[in-house]
Amino acid sequence: MDFLLDLVDADMLRTTLVVATPLLLAALGELLLERVGLLNLAIEGMVGVGAAMGFCVVFVAGRTVPTVLLAIAAAALSAILIGVVFGWLTLHLQANQITVGLALLILGLGASSLLYRGVVGVTTTPPSIGTLPLWRIPGLSEIPYLGRVLFQHDLFVYVGLSTLLPVWWVLHRTPLGLRLRAVGESPKAVDALGLPLARLRWSALVAGCALIGIAGSFFPLSLVGGYSDDIASGRGWLALMLVIFGRWRPWTIAAGALLFAYVEALQFQFGVTSKAIPPQFLRMLPYVLAIIVLVRVYGRAQAPAALTKPYDRESRF
Amino acid sequence: MLGLVVALVVNALLLAALGANPVTAYSTILSAALGSVAGLAQTLNRTTPLLLGASAVAFAMRAGYVNLGIDGQIYAGAILATGVAFLLDGWPAVVLLPVVLLAGLVGGGLLASIPAWLRATRGINELFVTVMLNFVALFLAEYLATGPWTDPVAGEAITVPISAAADLPRLLPGGGHAGILLALPVAVGLSLWLARTRSGFEFRAAGSNPLAAGFGGVRLVRIGVVALVVAGALGGLAGAIEVTGVHSRLLTGLTPNFGYMAVLIAVLARRSPVATIPVAFAFAVLIVGADSLQRSVGLPPSAVLLFQAVVVVSILAFETARGRRLVARLVQATRRSPGRRRAGGVA
Numbered sequence: 456m457d458f459l460l461d462l463v464d465a466d467m468l469r470t471t472l473v474v475a476t477p478l479l480l481a482a483l484g485e486l487l488l489e490r491v492g493l494l495n496l497a498i499e500g501m502v503g504v505g506a507a508m509g510f511c512v513v514f515v516a517g518r519t520v521p522t523v524l525l526a527i528a529a530a531a532l533s534a535i536l537i538g539v540v541f542g543w544l545t546l547h548l549q550a551n552q553i554t555v556g557l558a559l560l561i562l563g564l565g566a567s568s569l570l571y572r573g574v575v576g577v578t579t580t581p582p583s584i585g586t587l588p589l590w591r592i593p594g595l596s597e598i599p600y601l602g603r604v605l606f607q608h609d610l611f612v613y614v615g616l617s618t619l620l621p622v623w624w625v626l627h628r629t630p631l632g633l634r635l636r637a638v639g640e641s642p643k644a645v646d647a648l649g650l651p652l653a654r655l656r657w658s659a660l661v662a663g664c665a666l667i668g669i670a671g672s673f674f675p676l677s678l679v680g681g682y683s684d685d686i687a688s689g690r691g692w693l694a695l696m697l698v699i700f701g702r703w704r705p706w707t708i709a710a711g712a713l714l715f716a717y718v719e720a721l722q723f724q725f726g727v728t729s730k731a732i733p734p735q736f737l738r739m740l741p742y743v744l745a746i747i748v749l750v751r752v753y754g755r756a757q758a759p760a761a762l763t764k765p766y767d768r769e770s771r772f
Numbered sequence: 002m003l004g005l006v007v008a009l010v011v012n013a014l015l016l017a018a019l020g021a022n023p024v025t026a027y028s029t030i031l032s033a034a035l036g037s038v039a040g041l042a043q044t045l046n047r048t049t050p051l052l053l054g055a056s057a058v059a060f061a062m063r064a065g066y067v068n069l070g071i072d073g074q075i076y077a078g079a080i081l082a083t084g085v086a087f088l089l090d091g092w093p094a095v096v097l098l099p100v101v102l103l104a105g106l107v108g109g110g111l112l113a114s115i116p117a118w119l120r121a122t123r124g125i126n127e128l129f130v131t132v133m134l135n136f137v138a139l140f141l142a143e144y145l146a147t148g149p150w151t152d153p154v155a156g157e158a159i160t161v162p163i164s165a166a167a168d169l170p171r172l173l174p175g176g177g178h179a180g181i182l183l184a185l186p187v188a189v190g191l192s193l194w195l196a197r198t199r200s201g202f203e204f205r206a207a208g209s210n211p212l213a214a215g216f217g218g219v220r221l222v223r224i225g226v227v228a229l230v231v232a233g234a235l236g237g238l239a240g241a242i243e244v245t246g247v248h249s250r251l252l253t254g255l256t257p258n259f260g261y262m263a264v265l266i267a268v269l270a271r272r273s274p275v276a277t278i279p280v281a282f283a284f285a286v287l288i289v290g291a292d293s294l295q296r297s298v299g300l301p302p303s304a305v306l307l308f309q310a311v312v313v314v315s316i317l318a319f320e321t322a323r324g325r326r327l328v329a330r331l332v333q334a335t336r337r338s339p340g341r342r343r344a345g346g347v348a
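Sequences listed follow chains A and B, in order. For this note's numbering, add 455 to where a residue sits in the first sequence, where the first one is 1. For this note's numbering, add 1 to where a residue sits in the second sequence, where the first one is 1.
Chain B with its partners taken away, still in its complex shape:
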């Protein structure tokens, strides 16, 4: 909590340094993101990929794996979803939409199976492989969006639109799509599975003490593969939702660092998929709010990255043992100082 307060203060100072009144800036953020139905729709749209990504990352972290590749998996899922939507052009929505979303799952899972396989057979740290694949997937998407699938009229890295039958149903006016209805059960389901099932217990055991879990008969290699591939598939689903819900096509600006944000959210939520729900929502509020700050104060969209990082760094600092001791000492000092002053007054 204290970390959050510090973060808000530091961010207020940052805003002031940029020439914005922090109070109006904060209220602009809140009113833009939550003050209207259209704003709320935008916020929920941003929450969806963040929530899917963060619960996927948190899920893999529980088993002891770091998936930094959500960005790449979003692109992989979006690529396969778009491809399938092109291929099945003309099919009715009832069939097409589920198939396209499934294609997203498969795309993300396929990309994540590379680090999973390398980890399982060669023990290679998945962290580095997932990051490298982010770039591979991004360039593949750029190739498709400028080459074979390109929209010749657009003149930029953007494909022709997919069939309207593959669009996600709208939930709210202002473009709010139904993706959030997929993301919420995923986050809750992952947490329930981890907490309530036998395999979920094995999963957590593998993450907290692999040696003991291994001796206890847990198949560690299989858990690693499941953790990474499932996380990748959820990232891919987020990509398919971005395509079918927001853009109706594949383009290169699909993820403004959602993947890195997802890791931060998972860390803040202490690796609990269900706890990523409020954190992802808060991050989405920041993103949408910062978009409106861009119009009023002239902040670049990436400034929101800075604000999020400040929040995470402050909270990380105050979560450590020494950080907490530091806070305790500060609190004591502030409590003691008025007493001392009074004593001095008497003397």
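Only chain A is shown next, with the shape it has when bound in the complex:
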């Protein structure tokens, strides 16, 4: 009986929302890229760079409101920088997206570690910058159970989770979104219509990378308060899986982010209450779930038709 109550424990559902925030942000960023036909395998590296950048800015400049905003902006910019290299190689030079993505993934992992070491140096105990203060929404946070789950977060979580709305709105309710989605299906058609193909792709690329970088900065700023090289520990990859799981649609991606975050929150809950299950098995769960989900969803999922395919205006097909 206690076991069942644990499953809907207010603190655990609260943790679910916190953990879901970076997953959702990164997955929405990846969605924007994939919708214009770019499969970004460097996402894990971009998340890492965003995390290192976010940490370093606050570590150097102190934790005030402007420096935190600066840290988030710097995280977004650093991921965009990698994204620009990715775009230049895959869109302009038409190199293979998968190999370029993997090379930039490695670049991101190396760069984030180097950045941290360069700024912080070698320390025996990793420095902490503390996490953002919680912002209890007056009134609403007093509601017995829901208040604890929904209205006692830091600002990052509120803003991060609500990013879903503008992304969905732009992609599915505006002419711009229609054009972006068309790019991912048939760049040839978009080009033939005289639409600014390159500008559409680059704007989605920059916006998507910004979201991925911001997702990275969430880990030091909001969740951990410190930095380590394995801080993202595969969350970037999970975000990539979420896009498939969500079948390239924002709302289903959000549902998936909540599901994965819930599974991750389980380990915090049962890591404390139960000694019967070794923690490593709980930490495996999201990845095992990702494979199971892939099996269930894959056949029905419809990826953007032009995903990973280079487009050359001068080719006949």
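Honestly, the hints are just simulated from the structure, not real lab data. Nothing here was measured: the structure is a model prediction, and the numbers come from that model. Be careful, since some hints might not be right.
Which chain B residues stay away from chain A? Per the calculated CB distances, all over 10 Å, these [as the list claims (entries may be wrong)]: (1) Leu-19; (2) Ala-42; (3) Ala-121; (4) Trp-150; (5) Val-247; (6) Arg-336.
Partial chain A-side listing against chain B, Cβ under 8 Å, derived [unchecked claim]: (7) Val-555; (8) Phe-736; (9) Tyr-742.
For each residue, glycine too, the CB sits at the ideal point set by N, CA and C.
Once you've looked at the hints, dock chain B against the given chain A.
Here is chain B on its own, set in the frame of chain A:
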């Protein structure tokens, strides 16, 4: 070639930005990795898993499959190898060592059979499954190294040592083990098999044009399973070699991203297993050299990832058609400009 030059320049700038003199840094790297027998031993030790992993990845790529799971397969192979070594404790080295290495092959192959099976029966892209399994295998290794097999004295994720009879023979002083003698024939053998045998031809056909190969009677599903399982088994062998050659036990720091490096090496070697030999060696030089830079300049070990990525990105950029055109234009511009200046001088 030009990509390599650009990469060296960019890396030199990076080193300079980090406060190191690029010339001394490069010479430190070379002398640390190649300048002494002990250094060479370390370099060959690092070459072994990179070479096995990269030739495995290149092999699978030839048939059109991307195996991103070498890291996980290294852990799977290491887990099974360690387990078997514990189980057969006391057996003589002549029997024990081959059995332990075989266990590594089986472990990696078993893990890779999951993506292979999912690809064969459901058409699921092996790329994602292999990455997810990396984490599963890592956490399984961590569980074993902190739980049932843990060394209570060590206080970290590390198991008790395996029997000394299962250690790989030493080749060089300074800890150089015989793993490289296993890795080299594997890389050469895979290339020969691809180039010289009928099944190797079918394999390449399936990779370059699956539709045509399918109509020609090539059994594509079987080739996919073979490609992934063999690649996984070689990854597992690399794990078993790491256990028996380097650490004599299972631990969680077994692979510092060897798997991702292996993919980069395979790409640079243009998917030819035998061509991964020099590239893997060069990557190993970078790793060992960067370790010594860490002591002299204070670079973190993961900085080497950045350098490798810069090399790969530069070479990828200059390999594309437009990249080559860009280079041609640059070369032309530099050739023309002195002429123009001379013309201006006359006028």
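For each hint, the structure was consulted:
1. Here Leu-19/B does not stay apart from chain A, with its beta-carbon only about 7 Å from theirs, under the 10 Å limit.
2. Against the 10 Å criterion, Ala-42/B stays outside the reach of chain A, whose nearest CB is about 25 Å from its own CB.
3. Distance check for Ala-121/B against chain A: the nearest CB is about 13 Å away, which clears 10 Å, and the non-interface claim stands.
4. Annotated as non-interface, Trp-150/B keeps its C-beta farther than 10 Å from every C-beta of chain A; the closest such distance is 13 Å.
5. The beta carbon of Val-247/B is kept farther than 10 Å from every beta carbon of chain A, the shortest such distance being approximately 21 Å.
6. At roughly 23 Å, the least C-beta separation between Arg-336/B and chain A is larger than 10 Å, which holds for a residue marked as non-interface.
7. Because the beta carbon of Val-555/A sits about 6 Å from the nearest beta carbon in chain B, less than 8 Å, this interface hint is met.
8. Nearest Cβ of chain B to the Cβ of Phe-736/A: about 7 Å, under the 8 Å cut. The hint holds.
9. Here the hint on Tyr-742/A is kept, as its CB sits about 4 Å from the closest CB of chain B, short of 8 Å.
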